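Those protein sequence lines, which keep their order, are chains A and U.
Using the numbering used here, read the first sequence as starting at 197 and increasing by one per residue.
Using the numbering used here, read the second sequence as starting at 197 and increasing by one per residue.
In short, the hints are calculated from the structure, not lab data.
Because the structure is a prediction, the values reported are computed rather than measured.
Hints may be right or wrong, so weigh each one.
When chains are identical, the list treats them as one kind, so a pair holds in a single copy or across two.
Below are the DSSO-like pairs computed for lysine-lysine, each with C-alpha atoms no more than 30 Å apart in a straight line [what the hints assert, rightly or not]:
1. K730 <-> K226
2. K686 <-> K487
3. K693 <-> K549
4. K549 <-> K487
5. K226 <-> K676
6. K438 <-> K536
7. K310 <-> K335
8. K488 <-> K438
9. K387 <-> K540
10. K268 <-> K335
Number of protein chains: 2
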Amino acid sequence: MAVQRVLILGGGFAGIHTAKYLTEMLGSRKDVEVELISEENYFVFQPLLPEVAAGGIAATHVVNPIRELVPKARFRCCRIVEVDVANRQVLIAQGEGLEFVALPYDHLVFCVGKVTNFASMPGVAEHALAMKDLGDAFKLRNHVIRCLELADIETNPLYKAALLTFVVAGGGFSGVETVGELHELVTRSLKYFPRIAASEVIFKLVHSQDRILPEMPESLGAAARRILEARGIGMVLKARVKAASRERVYLGDGTHIATRTFVCTVGNAPNPIAKAVLAAGSLPEAEIGGKKTGLFLTDATLECVDHPGYWAVGDCAAIPNPNGPGFCPPTAQFAVRQAKTCAKNVLGRIDGKPTQAFRFKALGMLASLGQRSAVAQMLGVELSGFVAWFVWRTIYLSKLPGFVRRVRVGLDWTLDLFFPRDITQMQLIRQDRLQVNHYEPGEIIVQQGQIGRELYMIVRGEVEVVVPGAEGGPENVVAKLGARDVFGEKALLEDTKRTATVRAAASVDVLVMSRGDLRSLVGQFPVLDDYFAKLLRERYPATFTQAQDLTRALSDAEPSARGEAEPSSRAQPASTP
Amino acid sequence: MAVQRVLILGGGFAGIHTAKYLTEMLGSRKDVEVELISEENYFVFQPLLPEVAAGGIAATHVVNPIRELVPKARFRCCRIVEVDVANRQVLIAQGEGLEFVALPYDHLVFCVGKVTNFASMPGVAEHALAMKDLGDAFKLRNHVIRCLELADIETNPLYKAALLTFVVAGGGFSGVETVGELHELVTRSLKYFPRIAASEVIFKLVHSQDRILPEMPESLGAAARRILEARGIGMVLKARVKAASRERVYLGDGTHIATRTFVCTVGNAPNPIAKAVLAAGSLPEAEIGGKKTGLFLTDATLECVDHPGYWAVGDCAAIPNPNGPGFCPPTAQFAVRQAKTCAKNVLGRIDGKPTQAFRFKALGMLASLGQRSAVAQMLGVELSGFVAWFVWRTIYLSKLPGFVRRVRVGLDWTLDLFFPRDITQMQLIRQDRLQVNHYEPGEIIVQQGQIGRELYMIVRGEVEVVVPGAEGGPENVVAKLGARDVFGEKALLEDTKRTATVRAAASVDVLVMSRGDLRSLVGQFPVLDDYFAKLLRERYPATFTQAQDLTRALSDAEPSARGEAEPSSRAQPASTP
Chain A
197 MAVQRVLILG
207 GGFAGIHTAK
217 YLTEMLGSRK
227 DVEVELISEE
237 NYFVFQPLLP
247 EVAAGGIAAT
257 HVVNPIRELV
267 PKARFRCCRI
277 VEVDVANRQV
287 LIAQGEGLEF
297 VALPYDHLVF
307 CVGKVTNFAS
317 MPGVAEHALA
327 MKDLGDAFKL
337 RNHVIRCLEL
347 ADIETNPLYK
357 AALLTFVVAG
367 GGFSGVETVG
377 ELHELVTRSL
387 KYFPRIAASE
397 VIFKLVHSQD
407 RILPEMPESL
417 GAAARRILEA
427 RGIGMVLKAR
437 VKAASRERVY
447 LGDGTHIATR
457 TFVCTVGNAP
467 NPIAKAVLAA
477 GSLPEAEIGG
487 KKTGLFLTDA
497 TLECVDHPGY
507 WAVGDCAAIP
517 NPNGPGFCPP
527 TAQFAVRQAK
537 TCAKNVLGRI
547 DGKPTQAFRF
557 KALGMLASLG
567 QRSAVAQMLG
577 VELSGFVAWF
587 VWRTIYLSKL
597 PGFVRRVRVG
607 LDWTLDLFFP
617 RDITQMQLIR
627 QDRLQVNHYE
637 PGEIIVQQGQ
647 IGRELYMIVR
657 GEVEVVVPGA
667 EGGPENVVAK
677 LGARDVFGEK
687 ALLEDTKRTA
697 TVRAAASVDV
707 LVMSRGDLRS
717 LVGQFPVLDD
727 YFAKLLRERY
737 PATFTQAQDL
747 TRALSDAEPS
757 ARGEAEPSSR
767 AQPASTP
Chain U
197 MAVQRVLILG
207 GGFAGIHTAK
217 YLTEMLGSRK
227 DVEVELISEE
237 NYFVFQPLLP
247 EVAAGGIAAT
257 HVVNPIRELV
267 PKARFRCCRI
277 VEVDVANRQV
287 LIAQGEGLEF
297 VALPYDHLVF
307 CVGKVTNFAS
317 MPGVAEHALA
327 MKDLGDAFKL
337 RNHVIRCLEL
347 ADIETNPLYK
357 AALLTFVVAG
367 GGFSGVETVG
377 ELHELVTRSL
387 KYFPRIAASE
397 VIFKLVHSQD
407 RILPEMPESL
417 GAAARRILEA
427 RGIGMVLKAR
437 VKAASRERVY
447 LGDGTHIATR
457 TFVCTVGNAP
467 NPIAKAVLAA
477 GSLPEAEIGG
487 KKTGLFLTDA
497 TLECVDHPGY
507 WAVGDCAAIP
517 NPNGPGFCPP
527 TAQFAVRQAK
537 TCAKNVLGRI
547 DGKPTQAFRF
557 KALGMLASLG
567 QRSAVAQMLG
577 VELSGFVAWF
587 VWRTIYLSKL
597 PGFVRRVRVG
607 LDWTLDLFFP
617 RDITQMQLIR
627 QDRLQVNHYE
637 PGEIIVQQGQ
647 IGRELYMIVR
657 GEVEVVVPGA
667 EGGPENVVAK
677 LGARDVFGEK
687 ALLEDTKRTA
697 TVRAAASVDV
707 LVMSRGDLRS
717 LVGQFPVLDD
727 YFAKLLRERY
737 PATFTQAQDL
747 TRALSDAEPS
757 ARGEAEPSSR
767 AQPASTP
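Kindly generate the complete structure, drawing on both the sequences and the hints.
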């Protein structure tokens, strides 16, 4: 008998559990080979990500190596390039040379989930923090601590206020848990920052509906709201995020919030692999109200409709809901149970036995709110506050895969009860890539009189260069600049005050470069060296001569370190900011 | 009475302990203000970094927030720009806008340590991993796991061998501990990688002298060598690293080692802040044999010679060794004791009391070798093997600051005795910056017949384009390319086999860009868009027309995902690599 190959794509709840159940059911059978493919070599226990972001649990404690979780499945850590339905093979890019390899299959299980997509909200991709994977949680925690460190020594009150304003978009589980946990992190850390008062810290939860936690019974959503509001977390309801810039979150009603920390938990899109297969029409796509969903349409047995051997589990699948109309909700609970049914049915197909329909009723729902508080609905009972929090912890600890992780998370939680939060800000990888900033119309990019240290190049959109009128008269727009124009370049040569204000005239993206950025860039890119050397020679023939080498000019010590340029900051020594 | 300001620069062993002792001695006195300045907001317990790299301890467990360690000192997380000795002030860049602020001082304590510097060895900065700070350890651990994941599915035996070869340069404490700990990580993780045999893994320790651990008694160095060699770790002694490329480490004798993992623990340089102050002649610099050291020359009381109010502690200081000729060794033990003396003497100066000379005899030396083995010299007794390892753990656990960290590291160690190592490979931040590869003369950059997926631009040096002669005849050099030349650009349009071999004709640096890299770059940089669009139009007028937009051409799905191009990899489906 030929070996049957089952290929599972994706290493989330759905993929891991399908592989686990299937290999367990197979026991020592050699006629079926199970292979799992994922881009990461670990599985993330996503429900605890908000707590990782808040420093209650160490990042490494909510992940498990996939090889350890499903030791009997083959595992391949690689990128999926394409699913070739016609030839029943998956094309992957693997190994050192990113060699393309085609993996044939008899059964293919899609467990690819969804991805974050902020494309509909300008500036959000550039300036918001997401809450989807481990890297997001890790980044958010370090970002929040960094804001506290900066606010502690910031002398400009507007900057300080923005550094201490934390905005979370999305009133679902992820958003509510994130805002609650972050609030706990910040309030517990304040004692280390003597120059920040508790009253200076602002938290806001932005949500499009009129109540939070819409997946839960109305009474629990209201309870969660009361608990969060009692802590001073502001609710911005019936509001949608329209755009974001480096300094603001813009809402649909035209208002904005000045902040340096914007966590966006809304904005999902189909995984590109699912999208490509469905767009090609190779497998059936689910529609809701005539609108394509980007989800694989399966029957009650989790098999893609009319396509034997193709299965879909979890967030990428539209599986008939056994408890009512519509499809199953995209939750971990459902994914795990679906995985079990899928494993049984794949094996049933291979052995020529009947398959069974997916049946499951959710056991309950839980949302942590931080500070030993939660809301929960368990087996019909509604709980809120400390008891719900205790239930929440107990259940999640029991669900966490692996004994070692359970010990570690248990210890994290125990120590967290007695000791302060860790305020270590880890800058593990220094970010030296170039940054694109987004600005909405009217926002100031460069303020006259400020000391400039960066060069700007317009990628998209238009800006106005403005100088104030004589003797308090109306301002004058002295120039308009568009894509490919450069401004602020004088900052590359010396730290002088900006001679004009530059303002976004439209929705605009600008590339921001410090002296160091440009130095490394022209060092790597001779083409850019030519370009900028020419630009500077034309605009500053006196200071920047033909003979002078751009790299050398940029690599000199910071100009202001040499003295004269900056009387203002020099004249105002530290005292007590 | 005016408040006396003591400024401490640096947050390592020396800085933290000086601040700690000084604030403790001051008690509730209000007439002296102590401020500590560091670029990171945490202190790293460096002796345990090799264990972090080997996954025996979680990264977050060997760091402490500085604010927690020295709660009574003021703390400022910012960049030090310049020490202005003439005006007795330190210039820093702080806060959101990187505002320059001048901090005046009455006493200034330099605790800035040393930095890594690989400048004398071409390619090492680009391709070696360091072992200096937390980020290095974290990166190394993830890199090693990644090599195992790649080797597990690699089909090219040469690539696989290089992925499984681990080279550490430097036979001092850091290098010896790193090679021993990494060996433990790899051997313990192999059980998860069914396609890697233990015999395929190679470890090499490269050291310039004829014995390792030269700081220790000869017998212990020999014991450490025996223990490591018994595990199969190869010693490459009396050898210096000359250069490194992406694929090789070059030694002084002209030989090389093919590897993907090169850890370089040699190559220190003065901190740039110390260098600038000493170069300006503002403070006295120590010399050894007429050669400048980059170290602050102090007297026995740790005060800079002839410069009252200036102090230096730890690795940046040349302090007369109380136990013999020369200066104190740059170890944590000495730094901590020096910090105590320094704190006393600063206070003595302020109160007009006599200062005292630094006296200390090292208690012993310890080096962990991994796998429950170490070498130690304690109070005159020499130990090696398990007992030394037990002593090593006990002492380090007791030295670790903070109760919570001690509990966590203790638990890490306990769990590590009973459970497998964690093989989670965390790619917390996807690296999307451009990469410069270094090649030594004769190395192949692009191999004829391989499938190309990257474009190369020469930053520095010269390459030869070579095609084999007809019917096995001698090869022909068909072109030579130099700085600013581009090759391999056809890969941007389609995945075809390379039509010629490109070889380094000299020591050469090339910028490597994937389709995705270039796409994001031309998206951000219109200037580059023009440049590459022109280049492609000139060289490929048929496929790349004037009307075609470069960004769109690059943003199409991977060419090979669409089919025809790649018969070779398609024709060879997975089976069992």
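Exercise for review: Hints the structure violates: just list their numbers, smallest first.
Suggested key: Hint check: 1, 2, 3, 4, 5, 6 fail, others pass.
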